[in-house]
Amino acid sequence: MTMNWFKYASPSSFYPLAGRIGAACAVAAAALTVAGLYLAFVVAPTDATQGESYRIIFIHVPTAWMAMFIYLVMAGWSALALGFNTRLSAMMAQALAPTGALMALLALWTGAFWGRPAWGTYWAWDARMTSTLILLFLYLGVIALRHAIADARRADRACAVLALVGAINVPIIYFSVRWWNTLHQGSTVSLTSAPKMAATMLAGMLVMTLAAWCYAIAIALVRVRAIILEREGGSAWTRELMAAEATA
Amino acid sequence: MIPDAAAPPFPAPAASGAGAGFAWALRRDLRIGVRTKGELGVQVLFYVLVATLFPLATAPERTLLAALGPGVLWVAALLASLLSLPRLFASDFADGTLEQLALSPYPLAALISGKITAHWVTTGLPVALLAPLLGLQYALDDPARYTLAAALLLGTPVLSLLGAVGAALTLGLRGGGGSLLALLVLPLYVPVLIFGAGAVEAVRGGLSAAPHLSLLAACLLVAAVGAPFGAAAAVRIALE
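First to last, the sequence lines map onto chains A and B. Under our numbering, the residue at position 230 of the first sequence is numbered 230, and the numbers go up by one with no gaps. Under our numbering, the residue at position 232 of the second sequence is numbered 232, and the numbers go up by one with no gaps.
Bound-form chain A, shown alone:
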């Protein structure tokens, strides 16, 4: 059996598939969020040292992971877009950028609210916080470049180059910030030597992480469908689709 690997590289064949996967992921995200929040707020015990305030970890850690991971996925799609010159890969990268920026912002925001009771400060120049802030700037740079270029195909390629340059820089930035921090002062509270977690806490965090994954996939697919319609608005298949939806 031969398989056409590029079948779903065409926006017209990917559009319905994206709709089905997106809907499934949205349902999964909702179910996992309910389950995860139940574990987080009802089942998981109160922390011995941090009290109830630690519970923000169930939002904070998944968003921080997603912020980093989505940048890698975006860079991967960008590499495909430059390498194969496929339109859909660039559209996927475009659809992921706002979600990644949102995740980075949420990680910083929840981190500040967690830091206030735990460390006594909203912001410290901790290595992870600083590199997440710079990651947010990298996302905003990609989004701003996209908006500044009127021609969509040029924007695709320019953003792909920027995302790849950023992806090479992300580890360098991370380690530079980490060494800078350790050179200046020891961190007052170390995140890495956290006390051992109760099993239910870990379970809640993992379920919430899965929920964040499903949310990110669902929202990116919804966005990519909107982008496809926007870009392919004049083509025959979108007009047929619109006509079918109007009569249905």
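The hints are simulated quantities; they were obtained by calculation from the structure and are not laboratory data. Backbone N, C-alpha and C fix where the C-beta goes; we use that ideal spot for every residue, glycine too. Incorrect hints may appear among the rest.
Unchecked claim - Not everything, but these chain A residues come out facing chain B in the computed CB check (under 8 Å): (1) Ala148; (2) Arg154; (3) Val161; (4) Ile172; (5) Trp180.
We have chain A; now place chain B onto it with these hints.
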């Protein structure tokens, strides 16, 4: 391929290849730099001005200034580099020279490497050479000032190399893309800033600057190998 109206036609080199293209672009941009030295002077002045403002904004205490100095001089160098980046491609893009360069038989990345080197010689090098002098304003002692100069000598080429990618990506965009360029480029400058200012801090703390300078040199090597290709790709996208 006439650089500008005042300059005579610049002869294309007889030999072909990456080295010849690099040398040709370097000489051409240096010549343009010499002929527009007023503009370059203003950029160096900007660096001096920014460095002069900080002591006015804080108390002129010697210990405070010595603590602030390395960071302030590095941030000023970053801003001076950012301010000069549009010069790298904008006028060549506007008069069509860049298109001719892309069509020439030389590898575009080699030509762009030459342009970046010329950009560094005309903007980064003066900043690095001025830094020991400005270090006096910040009450830095001799080892700290010479380390600052060494770090800037290694770090400012990285700024030109990374900045070239950003400058090429923002070519011909609405509103010139000045603040957009800052958003694209400044986050990428962070490691250079940290290692560069860290080298001076280490010397002030009685440690060796060698690790920081080695890391800066590593950044320079990576950027020198990769950035011209990124900038060449971005130039081709802008010319489409």
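To see whether the hints hold, each was checked on the structure:
Taking 8 Å as the C-beta contact cut-off toward chain B, the hint placing Ala148/A at the interface holds, the least distance being around 5 Å. Interface restraint check for Arg154/A: the shortest CB-CB distance to chain B comes to about 6 Å, inside 8 Å, so the restraint holds. Given the 8 Å rule on beta carbons, the hint for Val161/A holds: about 5 Å separates it from the nearest Cβ of chain B. The beta carbon of Ile172/A comes within 5 Å of a beta carbon in chain B, closer than 8 Å, and the hint placing it at the interface holds.
With a cut of 8 Å, the hint placing Trp180/A at the interface with chain B holds, because the nearest CB-to-CB distance is about 4 Å.
The earlier numbered hints are all upheld by this structure, with none contradicted.
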